[in-house]
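> The chain contents come next:
2 protein chains.
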Amino acid sequence: MDMSIIVPISGIFALLSAIFLFYSVKKQNPGNEKMQELSSAIRKGSMAFLKSEYKILVIFVIIVTLLLYAASFIEGSQMEWGLSVSFIVGALFSAITGNIGMRTATMSNSRTAEGTKKSLSKGLSIAFSSGAVMGMSVVGLGVLGVFVLYTIFNNTSILFGFGFGASSIALFARVGGGIYTKSADVGADLVGKVEAGIPEDDPRNPAVIADQVGDNVGDVAGMGADLFESYVDSIIATMALAAIAGGFASIENAVMLPLIIAGFGIISSIIGTLLVVFGKGKNLYSVLRNSLFLATFLTALFAGIATWYFIGSLYPFYAMLAGLIAGIIIGLSTEYFTSEKRKPAQDIAKSAKTGPATVIIQGMMTGMISTIVPVLAVVAAMLIAYYFAGFYGVAISAVGMLSILGVSLATDCYGPVADNAQGISEMAGMGKEIRGRTEQLDAVGNTTAAMGKGFAIGSAAITSLALIFTYIVTANFLLPEGETLSLSLGDPYVIAGIFIGAMLPFVFTALTLGAVGKAAYAMVEEVRRQFKELNLLNNDKNKPDYERCIKISTNRALKEMILPSLMAVISPIIVGIVLKPAGLGGLLIGSIASGFLLAVFLANAGGAWDNAKKYIESGNMGGKGSEAHKATVIGDTVGDPMKDTSGPSLNILIKLMSIVSLVFLPLIIALG
Amino acid sequence: MDMSIIVPISGIFALLSAIFLFYSVKKQNPGNEKMQELSSAIRKGSMAFLKSEYKILVIFVIIVTLLLYAASFIEGSQMEWGLSVSFIVGALFSAITGNIGMRTATMSNSRTAEGTKKSLSKGLSIAFSSGAVMGMSVVGLGVLGVFVLYTIFNNTSILFGFGFGASSIALFARVGGGIYTKSADVGADLVGKVEAGIPEDDPRNPAVIADQVGDNVGDVAGMGADLFESYVDSIIATMALAAIAGGFASIENAVMLPLIIAGFGIISSIIGTLLVVFGKGKNLYSVLRNSLFLATFLTALFAGIATWYFIGSLYPFYAMLAGLIAGIIIGLSTEYFTSEKRKPAQDIAKSAKTGPATVIIQGMMTGMISTIVPVLAVVAAMLIAYYFAGFYGVAISAVGMLSILGVSLATDCYGPVADNAQGISEMAGMGKEIRGRTEQLDAVGNTTAAMGKGFAIGSAAITSLALIFTYIVTANFLLPEGETLSLSLGDPYVIAGIFIGAMLPFVFTALTLGAVGKAAYAMVEEVRRQFKELNLLNNDKNKPDYERCIKISTNRALKEMILPSLMAVISPIIVGIVLKPAGLGGLLIGSIASGFLLAVFLANAGGAWDNAKKYIESGNMGGKGSEAHKATVIGDTVGDPMKDTSGPSLNILIKLMSIVSLVFLPLIIALG
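Chains as they are written, first to last, in our numbering: chain A, 1233 to 1904; chain B, 1233 to 1904.
These are computed hints drawn from the structure, not numbers from a lab. All values reported here derive from a predicted model rather than from experimental measurement. Just so you know, not all the hints are guaranteed correct.
Copies of the same chain look alike in the list, so a pair counts if it works inside one copy or between any two.
Pairs of lysine-lysine, DSSO-like flavour, derived with a Cα cap of 30 Å [said to hold, decoys possible]:
hint	residue 1	residue 2
1	Lys-1575	Lys-1856
2	Lys-1585	Lys-1783
3	Lys-1791	Lys-1585
4	Lys-1750	Lys-1283
5	Lys-1276	Lys-1354
6	Lys-1750	Lys-1573
7	Lys-1791	Lys-1582
Build the full structure now, drawing on both the sequences and the hints.
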């Protein structure tokens, strides 16, 4: 019956919107020759990275597919061959969204810069449309993928494969992209700004294009894949819980509800998007905020009606609302702890009076204290959701948090486009007025990016919780009659799992921090070499070798991403085999708790350091070049890989380990 | 039977040894007038701090005692009035050991300095004897306290009050002492060494005596109280598990076994101590190590025999061995990650080439990676201990780890005495040769202190695990017939508790880091003021006002310790009431997992930064005064409050929250 027709329709609508927005951006004026040249260099670099990355991913995907297929033949494993199919589809869809997002973002940067010539809101409209292409592709392909696979296989546990595929691509995209973007950034800044004293985005700096590429690679492709994963994982977990746990008047309706909520979320997001694309508001920030609020309100309204009509009770709707509100609270808290207009970042700036050591300590404190609100918000959402609708409610609350992803992701992906536009206007020498406008765009982008980061972390935590509950329910479903998995804290295997699980995010963070360090070091060497050998600073005729820098970032990032990524995939399987399903359950909750805390700590400490520096740069505490400024530059350098590489990668780590556990659970039980 | 007669005998023996060693130190030559004057100033400052601290503690103890007593009248609470008695005794005993330790340490510093005039081993003997007074007092009072209270009440749950009393004093001693020592240290260094350019321990620096006092307050009183708590908690947990869980041929024997092992540990520790006190070895480090190894070997031997004789099985002995070995492994791992002779600290020194930001990142990585070995060691010890003897085995393994505390604590407390002796020789201008010798003593002290810190963290983790299992068993014992507390990860209250529990160590760390910052800032202002107003650097006639600095450290430390300490005591009670015993159980495991990881991270990152600086100071990478040196000084300043205040305080946090939960569990169940 058939409100569920909304699902494929909304998915197709989302893709059509994406296509429409893509062409509406494409027909904009791409700017003068110099701008087009720069934009093309950035696009080439970005696509080159994706291509090299996909070469590695294809191998990974083939191996895992074969393993999954082989596992279906192990006697008693209960792993179905369909898992390998849905794994490939998940990986493919995630890769496609990344590809679309990157193509659009790298096409829009020069157009956004050119658009701001006309008006600020024109620039906003282009940059935002470009982000919305990514947002709509993610939700469209997400909903369609899950819907079609479920229609074919009619088995929710097959869908875990889809989540696993999405997670795998997300992991490599986030970790690889994060290493790329920070190594290029640090390399460009350390040698260009600090050593040679030339401005940011100076075209004489050989790493400057790699730096722009990094914004796309990390913040567009990485962020998109991350949220694609959360989006589909939350839907899949809800469907699986409905199918296995039961307790509804119509199980089939309960299974379809998350897809339907997602469908209405898409429609609402499209409406919210139009508000920005065709809007003419002067205050950029409030235009973006209003579109988010409108989409949220409409989604809640539609979801309430659908739940009532479909389930015959508003309880799951209350659960969904809890998730939606928790997401907003976490976003606001992130904004408070990192904004240069608020006390925490300003306190860090003040601590710069006594030098870099106090800046570091103050920033660490800020990051640690900032964990309170997100943790309590997630805990409250979980308890409320559970109260109303059990495990299913917790999963629905994650769906609720992510239902407006179509528009909220657009706000995130708008940031790097604005950043690129700012870079291009600088490099193309577009004059002071235009640069002022792109700077305004960029500044709003930074605020929305900070909120988006908080949102990504919160949704990762609650999605992982939904996956853990799915794990428990699935395990008890799979276990032979009479056996149950209680996952009691009185079981030393569970405790052992919790300890090891809590340790993994620390180790993972150490590895990703180290990876950035090594890649950045290679970049520093290269930029120094070019400055010296080509005499770039004093000889206008010699052109810097941008490609070489891009190649270094690409190769290093891909090389360094392998160890931490494999650790994430393999640890749960090993722990599951050695410490049984009980230890694996402990591992999951331990890693979520510690990974969530570390992710918030790393993101907010890093964000606060960044903005403490900006606070001083805008003329406080002695301004640019003062001793206090130097101290905050050190803080910002420490925070950069924390907030842009390690922190966001932890989101994937915790989701991926949960979904890997779900996929391999039947095998682990069979081996136990 | 009565092998249990060994318990009071060994306790009395320990106290007699302490008295004997105290007088043997006292009769040593206290040095010339100048040295005695300095030593007396340090003693006065230390005792003044203790006195002010005890004034606050007395109020706290009275309030809690009354509350405990009142709680025994709440209907159905099952809290016995004896808890209030054992709470007072626990608090009193902990305070007495702190007092004895401080008196001895502050008496021994000038005598150690004078002793090194004769020979290095003479100096070692005095400093170590002084540490052994503390070690023997701790184990003697610990064993006697538990034994007497158990003999009187014949009820193991009354003993939780003793642990609670010990934990409360430990908390204030660690947090207050930690804030004191680092604020004085940072204040003295930042203004004296960095701004004024005078050497460390220069008598013109007004904070120099406060700095020496801090070593005693933090590293003697704080460390002693911390390990007194672990020691008695592990014994109490074992006794309670034996009494409630049962499953032994003779329950009474199983209850007494931990005390008997502790008794044999004391005898072995006395023998080990004699090896150092009367030894004449040239290599200080190997003398200390040999005494530890001898004590370990003898304890294992005696404990094996006692277990066999008493329980009729060697299984609990294997559990004990697992704990003992895990303790050694954690100590060695700490040594590896922090020693200036090893790769991690040297890598940090090398990263100083690219400035302070890379030093900070490299140090954080080191701290995070260094969690692997301690976590796996504790997990392995727990699983092995459980395999052989269930929950009881896990508790016994904690007892095993701590059984040689009499001698291992002596090695820890020897450090600050050597440090003080070094300071006195510097301030009294004792000449280069003597200073060289005290430096050697001090250097060995630093290594043993690092190992001691790792050991303290590991023992806190495994003791807390023993307490958690005790919590589960006790809860199921107290619950009405038919109800059980399964603490399943499928219970959202448990998950909520785990999240909040994992968050608390982050918040606690932020609070203690902030406290040091504020106290240090007040000290910096005061030292600057005195330098300026009294013109101390250029006018020999004006004497610095040492007392004022001591007063500032004291007042600030005591003021700042209150908030984090109350948080530690109150959080478990609130969570227990709101989220029921299930949520409280989650809180405990969450806090242990995240607290243990953070403690290792903070201690090892801090230690590695410290020794990276020392590595450069000993002539590498450009040596003292180079840019690389300055970068590592920043790392060291960041690491100081991490390793000496926040990290060690976390040990107490996790134990205290567990013991508070055990004490108030009957009330929480009654209110549920």
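> Hint by hint, where does the structure go against what was stated? Just the numbers, ascending.
Those not satisfied: there are none.
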